[in-house]
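Given next are the chains, with one letter for each unit.
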Amino acid sequence: MRATNAALGAAGLAAFLALGEAVPRLGLVEDAYFPPTSRIADALGAELAEGTFWTALGDTLTGWALGLAIAVGAGILAGVVLSIVPYLREATASTIEFLRPIPSVALIPLAVLLYGTELRSVLLLVVYAAFWQVLIQVLYGVQDVDPVADETARSYGLGTWARIRHVLWPSALPYVMTGVRLAAAVALILALTAELVIGAPGLGARIAVAQTSQAVPEMYALIVVTGLLGLLINVGARTVERRALAWHQSVRGEVTV
Amino acid sequence: MSRVLPRLVLVVALPAVLVTVWWLASAGSTNVYWPPLRTILQAFPDVWTGERLRADVLPSLLRLAGGYATAAVVGVALGTLIGSSPWVRAVCEPVLEFLRAVPPPVLVPVIMLFAGIGDIMKVAVIASGCVWPVLLNTVEGVRAVDAVTAQTARSYGITGVARLRHVVLRSASPQIFAGLRQALSVGIILMVISEMFAASNGLGFTIVQFQRGFAIPDMWTGILLLGLLGFLLSVVFRLVERRALGWYHGLRASSRRSR
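Top to bottom, those sequences are chains Z and X.
This note's numbering puts the first residue of the first sequence at 2, with every later residue one more than the last.
This note's numbering puts the first residue of the second sequence at 5, with every later residue one more than the last.
Rather than coming from a laboratory, the hints here were simulated on the basis of the structure.
Treat each hint with caution, since some may be false.
To be verified - Looking from chain X toward chain Z, a few residues come up when the C-beta cut is under 7 angstroms (computed):
1. 18
2. 19
3. 95
4. 96
5. 109
6. 110
7. 196
8. 197
9. 219
10. 223
11. 230
12. 235
13. 259
From the three backbone atoms N, C-alpha and C, an ideal C-beta is built for every residue, glycine too.
Build the full structure now, drawing on both the sequences and the hints.
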């Protein structure tokens, strides 16, 4: 089953790449806008040989990892505390609802004014954006705790800490993991956005340069790199998720629908 | 009535405290970047009424609505398709994973090549980013349909559209709504970015203009307005969600009460 899946996936991927080669070659789209796969691959090879590319990659990853770590830690802590302390969830609901939807990109002008193109600008945006993803998922997850399980734990006399550890945390974990996965993606988005719009050093800034200098294949190559980066991050997050949720329905048993 | 009042207090208390703290802390501020809240609030009505409401706020909202709606329809449809067939999922997964992994803002330059800098570009950018949380959550939701429910439906001979509507989408809907909620904030982000990048109107464009012109209080009013906008949208979202997921919350509440 595993091997079949991998083969099917590879077939899908090959078809996608072939389509990318064929469509511009057949003149369905202008190849100045959408170069064939092979030319993008050439540009990608040229990029990989350059030292500045690796520096940019390092800059992007630093901003991403630092920001994500801060956001996930703070998000889980805040989410659990808000959910278990009586009234705190309700008291903070309106404030969270107000702060959360403020798009972190609205803070771009402020970040530019305060920190210019420093790493701190990137971190400000990344942490602000990723924090809410985790927090909201934690809150949703805690809401989803099975009342019977919670009641059972109570009637067995489990204390607050034990209930967090054995009832609340396992029930909320699938949501938390989804939250972390989304936060990892959002953190990458915001790190690249900060580089693209503000000009903080990194892959985003290189894409902006490639775009303004009309280097279309290079631009696509860099975008492919950001995609691969996102893919790697997602696969990593998924592996962690699968490990942590080995007992859960969605991982354990495939439902035949 | 006696229950409404404490709730109201709970809702209003923290924001009131925060605003008061901000007001007092910034009252004597001479820092250019952190103007007193009073100055910001005074500037607010001047900046965001009349012409600007029509010329900047409305176009932004229409683009957001267009992109979001497209993403929701495409995301749920594709998600259901992919989630309900292991075969389709196996073929599509690597490509989808890759496309999903491309951060949408880096597509702004690409979509600009194809669609120019018009409204289509912005709607496409918004849709291309919003679709993934919806799609991902739909796939997960469809996969996690309760085995007993699925088999019960099968043994009752519920198939086709009825099964899709009453079993699959119904049981996936809490997850789908979680996805839609996340897509909403991604959508606002992309709306602002696409306007910061290339536009002649819209909220993102205007806020960046203020920042470049060092009109700091005006810039702050823009940030506040985006906050208010996001807040209003999420209130609307919650009303819709409460209606659509009434059965789910009811189920939870009743199993809680019956304990």
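Now for the hints, and whether the structure bears them out:
no. : hint : verdict
1   : 18   : 5 angstroms, holds
2   : 19   : 5 angstroms, holds
3   : 95   : 4 angstroms, holds
4   : 96   : 6 angstroms, holds
5   : 109  : 4 angstroms, holds
6   : 110  : 5 angstroms, holds
7   : 196  : 5 angstroms, holds
8   : 197  : 5 angstroms, holds
9   : 219  : 10 angstroms, violated
10  : 223  : 5 angstroms, holds
11  : 230  : 4 angstroms, holds
12  : 235  : 5 angstroms, holds
13  : 259  : 5 angstroms, holds
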